[in-house]
Amino acid sequence: MTSPPSLGSLARLQMARDLRLALRRGGEWLQPLLFFLVITTLFPLTFDPQLSRLRDVAPAALWVSALLSSLLALELLFRDDAQDGTLEQMAVSGAPLAWLLLAKTAVHWLLTGVPLVLVAPVVAGALGAPYATIPALLAPLVLGSITLSLIGAIGAALTLGLRRGGVLLGLLTLPLTVPVMIFGARASALAIAGQPFVGPMYLLGAVAALALALAPIAVAAAVRINVE
Amino acid sequence: MNLLEARQVHLWRGEIHVLRGVSLSVAAGQCLQLTGPNGAGKSTLLRVLCGLLPAADGQILWRDADCTRDASPLQRECAYLGHLSGHKGELSALENLAYLCGLRRRCSEAELDAALQAVGLHGGAQRRPLRQLSAGQQRRVALARVILQQTPLWLLDEPIANLDVQGQELFNGLLAGHLASGGLALIATHQPLAVAEASLLRLELAA
Amino acid sequence: MTWLWFNKLASPPHFYRIAGRWIPWLAWPAALLGIIGVVWGLAVAPGDYQQGEGYRIIYVHAPSAWLSTFTYTAMAVTAAIGLIWRMNVAHAVSASCATLGASFTFVALATGSLWGKPMWGTWWEWDPRLTSELLLLFLYLGYLGLRGAIEEQSRSDRVCALLAIVGVVNVPIIYYSVEWWNSLHQAPSVMKFGKSSMPASMLTPLLIMFASGTLFAAALVLVRARGEVLRRERAGNWIAAAIGANATASGREGE
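Chains as they are written, first to last, in the working numbering: chain A, 1 to 228; chain P, 1001 to 1207; chain F, 2001 to 2255.
These aren't lab readings, by the way, just hints derived from the structure by calculation.
Only a predicted model underlies this, so the values are computations on that prediction, with no experimental measurement involved.
Among these hints, one or two may not hold up.
Among chain F residues calculated to face chain A with C-beta under 8 angstroms, some are [claimed, not checked]:
id, residue
1, Val-2166
2, Val-2168
3, Asn-2170
A virtual CB, placed ideally from N, CA and C, is assigned to each residue, including glycine.
Between the sequences and the hints, there should be enough to build the whole structure, so can you do that?
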């Protein structure tokens, strides 16, 4: 009996496969990003196109759009793997399921959160944020998008077995994201105003750390139940 | 020595008492054939044994260690082939196998190639997206996965369902080799298994 | 000794019987305290210096708000017990808490809104207490939605148990974040009736209502849980005997 694979090699294996799969499916992984752009465009259309006024609503627009586009991508996180039996094989492999699912969530973040963070400066500028303050916007979004992926994974795992789980997934996940949204939007608002935002960043970091520690356990437990 | 034992395993699915005190014991080199009508619980029993379904009552022992609550010692030494293959259509046979086996141990390219050759998949077919292969070929890839995992215990649910005569002969050969090297297998199937009577056990589940 | 009692409670027929005994001991004191509290609070206690008579709705609002959180916690704790010890009865109790808790949350929101109208002039303000209650209501509704969506009982129980546990971990964080957010924006907050700043003549009926509400909630949960246990165990052969025994025992109250 050879020794079981290390955590590092398992993570690499899982992430490589998921990334390869996402890229094989063509441009599908870009859709949440496009969704993000479309929703943020709705804000000037439904509010006020003047940049000086848009500036006030920019943090909210950024964060709400980020949340919604993250939610959209969540459906796909586990559904395919549940339907073709991959989750089953993961559960039966004897490898730590929580770790494998964390690797999957990391890929979700890489494909959804990271592009969003990279595009956010452009969007923020379009929503009236002063250009000098834009770099400061990135840090809250990085932490926040990681946490949103983690919390969303819990919702996705819980609603795995359902045929039309989409709306329920959103309903379950959104209240749980309130702390991230409050701290994150506040940090972004302070950043746009050119003020120090260390306080909310600490709070964001705390929530992110908690999510990183606890979410994979909940996700694994939910997947095991739904894979029966 | 009995490697796998189940004692009085019970399971309810909703209100239906699917497994009613099922007991079995299988030693190295033995093959247990599970038979019974649809809905009798053959698939359910296999899933309980590999830890996917928690048993409501009873015990499951692997190498004399209790695996009822924590099935990981058994899971590490078992290959499960159920109704779902765990394959991705967009990935090739090589890539699918590399992933599924990589979950358990490092597999070299040569090993993957050899396993696929053994089930009749050569060269180009190994690299095409799996969805371009026929159902029979995809089943063979699943069998290759079972062999590659190099585990003593095989839990197979209707393994030869989509296979032609050649495929079934292939499977019989693989099974014989597995049993000869000290492995054991539990197979849910109605088709006759080409296993020596001395090594063949049968368990019939009633509906 | 406690362990024995705990294990006994896990058996559905025992739970059915024991819960049935407890209910009168919870319900009657709840009713008594409730009457005292309502009369005292609504009629006897003095009017508030700032808010006049309108503050009296606190005697319904504050206990409802407390119960909405308490019930969620109870739901999560029984869910955890059900998951860890695989007790069907615990899952039944947990499920019984859900609709009840959602109702309390709704009452808290409604009374909060009614309170707000004379105080702020609007039916709604983004006050931290009301906002937290609203988010709690969403948590409850999500839970109920998930319960209804999964058909198989065992899976529904365990998945919802996970949701309840995840929720209960989040509830303090959500409350804290809403308070934090509110302190930044200094929105009006009428609910700031610090218990320590209330004179005894106002505080005592409030505490009585808290006690009454808690007993009432416990009694209601047990009533629902008994019904839930009956429904889940309807194939069991203890049912006929238990219901028959109940019918004859109801003539002797508080047995």
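Exercise. For the hint on Val-2168 of chain F, does the least C-beta distance to chain A fall short of 8 angstroms?
Worked result: Hint violated; Val-2168 of chain F Cβ to chain A Cβ min 11 angstroms, cut 8 angstroms.
Exercise. Would the stated hint for Asn-2170 of chain F survive a check requiring a Cβ distance to chain A of less than 8 angstroms?
Worked result: At 5 angstroms from the nearest chain A Cβ, Asn-2170 of chain F passes the 8 angstroms test, so the hint holds.
Exercise. Going by Cβ atoms only, is Val-2166 of chain F closer than 8 angstroms to chain A?
Worked result: 5 angstroms, holds
In summary, the structure is inconsistent with hint 2 from the numbered list given earlier, while agreeing with all the others.
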